[in-house]
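So you can see what is in the structure, the chains are spelled out below.
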Amino acid sequence: MNLTSLLPRRRTSGRLTALALAASACLTSAAIAATADVVVMADGREFVGEIIEDRADAIVIRTTIAGIEGEVTLQRSEIARILEDQDVETEDAEEAEPPTRRDIDIEEADRGGTFGVRRVERREGVPALYVVPWHGQTGTDINLEVYEMMTEDIRAADPDYIVIEVECEDYEIDWFAEPLLEEFGRTDISALDEYRRIIDLFHDDLRDIPQVVWIKQAIGMSSVLVLAWDTIYMHPDANLEGAEAAAVNFEQVRSDADTYGKYREAYMSLIRGIALRSGRGGGYKHLPEAMIQSEKKLSVTWRGREVEWHLDESGEYDIDRSERRGAKFNARTAENFGISSGTAENLDDVALLMGLREYDVIDSTSRGIFNDYVEDWRRTFERLEEAAIDYQQHSSWATGSDFIKYFGRAKSDLETILNCIRQYEAVRVRAAMQYGLQEENLRLQIRQMEDQLAAARRGNRGNAGGGRRGAPGGISPGG
Amino acid sequence: MKTLLSTMFLALATALIAAPAVADVELRLPSGATWRGDVGDTVRIVFAERGVDIEHVGEVVFVSTSPAYITIRTDIAGKMREKTIFGADIKVLEAPKRDTEVGDPAGGAGGDRHVPTRKRRAPGSGLGGGDLADDVPRDDLGRPLGVFYLPLEGGVGQEFRHDEIETLVEYIDENYGPGQTIVLFINSNGGLVMEALDIADIIWDARERHRIVAWIDKAISAGAFTAMSCNEIYFRSSGNAGSVTTVRGTQSLQGPEVEKHVEHFAELAEKSGYSPYIARAMKLNRYMVSYDKDPETGEVTFYPDLRGEHVLSTDEQNLAFDSETAEHCGFSKGTADTPEELAKLLGLPKWHEISDKGRELAAQWEQTFERLNEQFTDIRYEMQFGVNNAPTQLAALGIQLRQIERIIRLHDRHPRLTWLSFTQGNSPEESKRNWELAAEEVRKQISDLRRR
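Chains as they are written, first to last, in numbering that gives the first Met the number 0: chain X, 0 to 478; chain H, 0 to 451.
In case anyone wonders, no lab produced these hints; they're calculated from the structure.
Certain hints may be false.
[What the hints assert, rightly or not] With a Cα cut of at most 25 Å, we get these calculated SDA-like pairs of lysine to any residue:
no., chain 1, residue 1, chain 2, residue 2
1, X, K296, X, Q251
2, H, K343, X, H202
3, H, K343, X, I208
4, X, K404, H, K292
5, H, K90, X, G278
6, H, K343, X, L200
7, X, K295, H, T313
8, X, K295, H, K343
9, X, K296, H, E308
10, H, K332, X, G278
11, H, K343, X, P209
12, X, K404, H, N388
13, H, K292, X, L200
14, H, K332, X, K295
15, X, K296, H, R285
16, H, K259, X, R279
17, H, K332, X, P209
18, X, K404, H, A389
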C-alpha cells in the first residue's frame, strides 16, 4: 500500500490555487453552512464539506480546513462511510484554527509568493519572527558559545516566535561528490552534552517564546538534533538523514559484547532523550535510534492521526527495512509520517503554516552574530593552520647558528596556535578533530621549548634536550 | 422510604454542621485586598508560577487561611483537576467576568500542539540560581519549605565526589536539623566504583535524617549507582540512567569478580526499593528485564526475562533508562526540566533554596580540581622534560625526588584523584606505597652518587 495515497497532501510551496484564493475571502465571513457532507476514512480522519464528484473509485470533496478551502480526492477503498447533508456545528471562520498537520490539500497554481501571507513592517499586533540560523557544521559553527550570545539578542528583540532555520549538510547527496570529512559534525558524547545544552537554552531559557524548526537541509548529526523540537517544517528539497556516523561511538568497541552494550545504550538513551525533549510520545524517541543504527528497522502504525513508531517491522508501514543504512526522510516522507508539520519553501510558507497571515521578521543581529562568529572562527582556524605550517618550517630551520632564531620563531608559532584555540571554542574543537591538538599538550610543548631556548642561550645547547632535533612532537596541517 | 428520609436527614445534618466552617471565608491577598467567598464559588484567579502569570477559572474546593492557600477545581490540560495555589502567589482572586469560561486559561489560546502558543516569560527558570527571597512559603511550624541543592557533575571520583555530599549533610545537620530535602543534580558519565560505594554509604546514612533526591540530567554507570542510592529519582526529559557495566580499558570485567559486583549492585537496588533485575540488566547484557503494569492500579511487576508486556532489556542489550521509560515503570517518580517543575513534583509550592551551601561547595571543588590538574600537569612535565634535561645526573635525581614527594603529599590530601593521575598500583593505598618505595630508591641513588 502506498502510504502517500492515504494522506492528504499539504504543500504550500509558494503556490496555491485560485480556488483557495477565492476561499480566502470566506475567511472573514461569519459562519460556515450548517449542513455538510462528511466522509469518514478508515483511519479515523473526517472530511467535512461538499462532495462535488462521485466516481466509482473515488470521491472528490470540497472542504475547508484550517480556514483554507481545497478539493480532496479520496479513494473509496480508504473510506469507511459517507454521511450526506449532516448537521454540523457552525464555526466562526475567523476563529478557525491554524493549519494542522496533514490537513490541507492545496493544488499549485502559477503564481509566486505564498498566498495570503505577507511580511509587513513591524507594528503593534503583527507577530514578529526571530530567525535563528542553525547552519554549517554541528559542533563548530553550531555551538553553545554562539547561541548564548544570540539568546541575549533574542531577549532584547522580544519576538513573538522563534524560527530556527536549519541548513546543515555533512555531505552532499551526490554519490560522486567527495565528502569533506573535516566538515562532518561532531558526534562524540561530549558533543552530545554541548548539543543538549543548546537545546536546553531554547527549551528552558527561551521557553516562553514559541519555536518552530524550518529545515532547509539536515544531513548529519543535525538530523537527530532537530527532533528535539515539536514543530518542524521542511523545505521541499530538504532531507533528514545521515546520522549513521554517530554509531562510531559504540561500534568501535563491538568486540566486547558487554562493553558494546554499555556504550551503545549510554549513547542511545541520550539520543532518545533529545527526541523526548520535543514532548512527542508514541515511540517518537525511536526515530533517531533508527536514523543512527543502520541495523535497526523502523515502522509505523497509524492511530487515527497519530503515528506510533516501532523500532522493528511490527508496525503497519515499513519505513526502513535496510540493515545497512539508517532511516532517512525527505520533505514528503517526513510530512507523511508526521515528523514534519508541513512543507515550506520560504518564510511566507512557514508563517502560513504557523497560522500567521501577517508577520514581520525582526531586524535583529542574529545573522550577524552567527555569520560573524562563523567567519571569525574559520579565519582564526586558517591562521592556526598557517602557524602550523610556519612551525614545521621554522623547526626544520632551527639548526646550527640559527637555532635560537628559528626555534624562537617556532615557539611563537605554537603560541599563535594556542591563542587561536583559546579564542574560539569552535577552533578548539576543530583543531582537536582535525589535528589532534590539545591545549594542555601545546602548553607543555611551549614550556619545553622555552626551557630549551633558555638552555641554548646559556650556551648549554648540548644538554638542552636536543636543540637540533627541533621541537618535540609534531603537528601536521596536512592532517 | 424510611431509608431515603434517613439519608436526606443525614445529608442535611452534615451540611448544617459543615456550613459554618466553610461559609464566608476570607483570604488576604499579597496585594492587600481581601477575597471573601465560599466553597463552591466560581472564581477567577491569577497567580504567579515560575515567574509566569497564570489565569484559571474554577470552583473553590477548599480554602485555608493559615497557611493561606486555596484549592480550585479547574480544567488543566484538558481534564478537570484540583489545583492548590498559595496565597503569596495569588495576584487576582475574584468572581469571574461574564465572558470568561471555566477551563479557558489565559484567554483560551492553545489548541494545535504543532503551533505553539506564546507563554509569558519565566525569568531565571534555568538550572542555575535559586530563589533566595524572604517571602518564601513556610510549613505549619514556620520553617521554610525548600531544598538544599548540590550539583554533582563530571567524573565520579574526580569532579564528582562523596566529600561535597558529606560536607553538605554535616552542614545541614548542624544548622537546620533533620527532615530537609537535599537535591543532588547528577550529570556524569560515570567513574570510580570505589567512590560510588563511598557516596552510597554517605547517602544511606543521610537518608536516616533527610530526604535525598536525585535529579538526573545524565547518570551513566557510577552516576546511576549514586542516583539509585537516593530516596527518590526524578529525570530531566533528556536525562538517562544506567549502563553500569564495569569496564577496564575497552574490556568489560568478567568472571567471579563481576558476579560479586552484580550482586552487590542488585542488593543496593533492592534496598532502595528498585527491582534487582533492573540492577543486573544495567550491569551485563545477559541479564534481561521486562515488566507488566496494572492499568488500574499502576502497580508494576518486573521479570528477569522477556515475559512482561514491556521489555526493558533483552540479552543483547544493556539497560539505560530514558525519562519516559523510567517514569512509566516507576524507576523515576517524575520528569522535570526546570527547578520549578521539580519543586512541584516534590510537593513544594515553589523552588526555594534554603541555602546555597551546596552550590558553594561544588564551585569550591571545581576551582580546587582545576588547580590540582595544573599541579598534575606540572609534575608530569618535570618528571619527563625536567629530568631529561637536567644538567647533571644528580640534578635529574633531585628533580625526580621532588616530584615524587609532591605526588606523595597529594596522595595524602586527594588519594583517588592522585591515584588516577599517577597510577602505580591497583588502589590508591598501593599506589602511594609504591611511590614511597620509589622515593626511597631515588634517595639512595642520590646518596650513592654523593659518596662517589
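Against the structure, the hints come out as follows:
This hinted pair checks out: X/K296 and X/Q251 have alpha carbons roughly 21 Å apart, not beyond 25 Å. For a cut-off of 25 Å, the pair hint linking H/K343 to X/H202 stands: about 19 Å separates their Cα positions. A hinted pair counts as satisfied when its Cα atoms are at most 25 Å apart, and H/K343 with X/I208 qualifies at roughly 22 Å. With a CA separation close to 76 Å, the supplied pair X/K404 and H/K292 exceeds the 25 Å bound.
Straight-line distance between C-alpha atoms of H/K90 and X/G278 comes to about 30 Å, which puts the hinted pair past the 25 Å bound. For a cut-off of 25 Å, the pair hint linking H/K343 to X/L200 stands: about 22 Å separates their Cα positions. The hinted pair formed by X/K295 and H/T313 meets the criterion: a straight-line CA distance of about 15 Å does not exceed 25 Å. With a C-alpha separation of about 38 Å, the suggested pairing of X/K295 with H/K343 is violated against the 25 Å cut-off.
Of the pairs offered as hints, the one joining X/K296 and H/E308 holds, with about 20 Å between alpha carbons and a cut-off of 25 Å not exceeded. For the hint pairing H/K332 with X/G278, the CA-to-CA distance comes to about 17 Å; that is within 25 Å, so the pair holds. Our distance criterion of 25 Å between C-alpha atoms is met by H/K343 and X/P209, whose separation comes to about 23 Å. For the hint pairing X/K404 with H/N388, the CA-to-CA distance comes to about 21 Å; that is within 25 Å, so the pair holds.
Of the supplied pair hints, the one linking H/K292 and X/L200 is violated, its CA atoms being roughly 35 Å apart against a limit of 25 Å. For the suggested pair H/K332 and X/K295, the alpha carbons sit about 30 Å apart, so the restraint of at most 25 Å is broken. For a cut-off of 25 Å, the pair hint linking X/K296 to H/R285 stands: about 23 Å separates their Cα positions. A hinted pair counts as satisfied when its Cα atoms are at most 25 Å apart, and H/K259 with X/R279 does not qualify at roughly 40 Å.
Our distance criterion of 25 Å between C-alpha atoms is broken by H/K332 and X/P209, whose separation comes to about 28 Å. Taking the CA atoms of X/K404 and H/A389, the gap is near 23 Å; set against the 25 Å cutoff, the hint holds.
Of the numbered hints listed earlier, those contradicted by the structure are 4, 5, 8, 13, 14, 16, 17.
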